[in-house]
Amino acid sequence: MRADARRNRRRITDAALALLGERGPDVPMEDIARAAGVGVGTLYRHFPDRRALLEEVAAGTLRDILAFGRRQDAPDRDGWDALLRVVRHCAGLPLALVKTLAAEAAPPERLALQQEVTALLAGLAGRAQKEGALRADLTPDQVVEVVSALVCRPGARADDALAVVVLDGLRR
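Anchor point for the sequence shown: position 170 equals 170 in UniProt numbering, and the numbering is continuous, going up by one each time.
These are calculated hints, taken from the structure and not from any lab test.
Certain hints may be false.
To be verified - Here are the simulated DMTMM-like cross-link-like pairs (lysine to aspartate or glutamate), alpha carbons at most 20 angstroms apart as the crow flies:
#, residue 1, residue 2
1, Lys130, Asp168
2, Lys130, Asp81
3, Lys130, Asp76
4, Lys99, Glu56
5, Lys130, Asp141
6, Lys130, Asp78
7, Lys99, Glu145
8, Lys99, Asp141
9, Lys99, Glu116
10, Lys99, Asp26
11, Lys130, Glu145
12, Lys99, Asp76
13, Lys130, Asp73
14, Lys99, Asp168
15, Lys99, Glu109
16, Lys99, Glu55
Predicted model, so just to flag it, every value in this text is computed and none were measured.
All chains should be modelled from the sequences, with the hints used to inform the complete structure.
As structure tokens, this is what we get:
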């Protein structure tokens, strides 16, 4: 792929990431092209349909969460702190999109990424419980469901009222 084509593709996915995080999965393709500074034709040359663009953004978002989460999952950091850092990182990402796509048939790559993210979060929750920082009356998988509901909504922020109350409620 030519350098200018790579730049355009990156501008499109960056614009889509930002707009999907702000406005949810129904952002018009024309708005994404405009925000990327490209024409609609350029957008469609890179992504033949909306689904292809959404899948690219979803997979990229999941890869980002995994990379960030693995850096937080360090032996010298307690599980609660690591879990909070990952939750804060997730807020503002287009996870409502990922959740919407999860209800549909997933390509193998995205399905594997979703499973890895779930396992990472469940592992952090389990660590936090063993350390006594996270309430013990929920399983790690239930904690992941709660955290998912928190961050998988358009406009999610780590400091909004819902996040503050939910995270406080998970703390032991």
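Structure versus earlier hints, numbers of those that do not hold, lowest first: 12, 14
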